[in-house]
Amino acid sequence: MTEPDAKLTEWILSAREGNQDAFAELVYSFQDAVYNLCYRMLGQSTEAEDATQEAFIRAYLNLHRYDLTRPFKTWLLSIASNHCIDRLRKRRMQFLSLDEPLPSGSALALSSDEPGPEQVTMSNERGQLIQGLLDQLKPDDRAAIIYRYWYDYSYAEIADVLDSTESAIKSRLFRARRLLADLYQEGFDEPADDDRPINPRLLQE
Amino acid sequence: MTEQYNEMMQERLDGNLDEQRESELIRHLQEEPDAAMHNASLEAVHDMLVRAPLVRAPGRLAATIMARLAQAVQEEAVQQELSEEVKQALLFATNLVILQMTPVLLASSYMVMNAQARPEVLAKAVNRTVALVVVMIDGMRVLFDRMEELVDEDPAMAPVALALMPTVMNGILDYMQNGANPLEDVARQVEGASGDDSDDLDYDRIGRLSG
Chain H
560 MTEPDAKLTE
570 WILSAREGNQ
580 DAFAELVYSF
590 QDAVYNLCYR
600 MLGQSTEAED
610 ATQEAFIRAY
620 LNLHRYDLTR
630 PFKTWLLSIA
640 SNHCIDRLRK
650 RRMQFLSLDE
660 PLPSGSALAL
670 SSDEPGPEQV
680 TMSNERGQLI
690 QGLLDQLKPD
700 DRAAIIYRYW
710 YDYSYAEIAD
720 VLDSTESAIK
730 SRLFRARRLL
740 ADLYQEGFDE
750 PADDDRPINP
760 RLLQE
Chain R
6 MTEQYNEMMQ
16 ERLDGNLDEQ
26 RESELIRHLQ
36 EEPDAAMHNA
46 SLEAVHDMLV
56 RAPLVRAPGR
66 LAATIMARLA
76 QAVQEEAVQQ
86 ELSEEVKQAL
96 LFATNLVILQ
106 MTPVLLASSY
116 MVMNAQARPE
126 VLAKAVNRTV
136 ALVVVMIDGM
146 RVLFDRMEEL
156 VDEDPAMAPV
166 ALALMPTVMN
176 GILDYMQNGA
186 NPLEDVARQV
196 EGASGDDSDD
206 LDYDRIGRLS
216 G
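Those protein sequence lines, which keep their order, are chains H and R. Take the first sequence: its position 189, counting from 1, is numbered 748 in this note's numbering, and each next residue is one higher. Take the second sequence: its position 196, counting from 1, is numbered 201 in this note's numbering, and each next residue is one higher.
To be clear, the hints were calculated from the coordinates, so they are not data collected in a lab. It is possible that part of the hints are untrue.
[Claimed, not checked] Calculated lysine to aspartate or glutamate pairs in the EDC-like style (CA-CA distance at most 16 Å, straight line):
(1) H:Lys-729 <-> R:Glu-16
(2) H:Lys-729 <-> R:Glu-12
(3) H:Lys-729 <-> R:Glu-8
(4) H:Lys-729 <-> R:Asp-19
(5) H:Lys-649 <-> H:Asp-699
(6) H:Lys-697 <-> H:Asp-645
[Said to hold, decoys possible] Label pairs and their in silico Cβ distance ranges:
(7) R:Asp-52 <-> H:Glu-576: 43 to 53 Å
(8) R:Glu-153 <-> H:Thr-568: 43 to 53 Å
(9) R:Val-78 <-> H:Ser-713: 30 to 40 Å
(10) H:Thr-568 <-> R:Ala-75: 18 to 28 Å
Where is the CB? At the ideal position from N, CA and C, for every residue including glycine.
Model the full assembly from the supplied sequences, consistent with the hints where possible.
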């Protein structure tokens, strides 16, 4: 067991005993990963913050169910993505029950209230374009794409997180990417330049 | 065949296409402009997603999570503390209410059975039964509304409210037996204001059985 792993296990075990300071260490370590997932899934900063809080609280209350042999981050992210998928389904039901057309993803992303730190990061055309495209996907497909591109997860890892099979995840990813490509071809224009670093592992693949 | 090449395009993006199949795909793309265009879109989307940044959590988020967590833990502790009492009170109250309702149900069954022997009063007996249920449900609705208000004000009132339920039910039955006889009023409404005093015997039976 590496030193960070040992530290992580110590925090988890301590948090299980009710030590909230130990859990705070887990929050500091994983808040970016969970928040990014929630933001990419939900497309709104306020809702993403709320979902992140909910995911951590659920994690704390269910720590006794966590299997120490599994990666903690995967377990935590699975709680967050399941919660976001539920929220998206409820949101869809609310829209449908009002008999109104679903708003476009970009409209949802832009209708966010006060500007948060992520909006500074996302205040460029490419950021809005990515979120707009993601928002067109079904919740399960969106989750698969997010795990693949933001977390470098393999098909097997995504299947584990989303409680599915490798072949199902593969077809889900292919379907989602094809839809995104079609949308892109139909009129989403990519901004000209971008100086953000490319994830080297994904490019190698 | 096209579907096979579509899959190969995606396999290539994920780095799962061997050299031989990649060469085959490239040849296909050179020969098919539509496929080449689709592949270009896939690659553009892939490239955009690969470059997409990780959105960082707002600075205040960790503190908010810990504050909410402390509150959630406190609430859960209170719930756990109450849960056993609430369960006991609920079980006790439910049993008492069932006990109280049993004579009423027996009386209803008795009325219907009698009416079967006298078809001319069947409709009236059914009306009486409906009226009885209407009054009971109305009373329960008021009771539950008041209980909800109490529990909203203070969750600790839940077991108290539950424990009071049988007493209140008793009060409703007493009222029906000795008060202004709302059962008769409701029954008249159900019957379309065609009251008949000859059925007072049924009310007496209900009163005796439920009291």
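Now the hints, each set against the structure:
{"no.": "1", "hint": "H:Lys-729 <-> R:Glu-16", "verdict": "holds, 9 Å"}
{"no.": "2", "hint": "H:Lys-729 <-> R:Glu-12", "verdict": "holds, 10 Å"}
{"no.": "3", "hint": "H:Lys-729 <-> R:Glu-8", "verdict": "holds, 15 Å"}
{"no.": "4", "hint": "H:Lys-729 <-> R:Asp-19", "verdict": "holds, 10 Å"}
{"no.": "5", "hint": "H:Lys-649 <-> H:Asp-699", "verdict": "holds, 14 Å"}
{"no.": "6", "hint": "H:Lys-697 <-> H:Asp-645", "verdict": "holds, 12 Å"}
{"no.": "7", "hint": "R:Asp-52 <-> H:Glu-576: 43 to 53 Å", "verdict": "holds, 47 Å"}
{"no.": "8", "hint": "R:Glu-153 <-> H:Thr-568: 43 to 53 Å", "verdict": "holds, 45 Å"}
{"no.": "9", "hint": "R:Val-78 <-> H:Ser-713: 30 to 40 Å", "verdict": "holds, 36 Å"}
{"no.": "10", "hint": "H:Thr-568 <-> R:Ala-75: 18 to 28 Å", "verdict": "holds, 24 Å"}
In the structure shown, no violation is registered for any of the earlier numbered hints.
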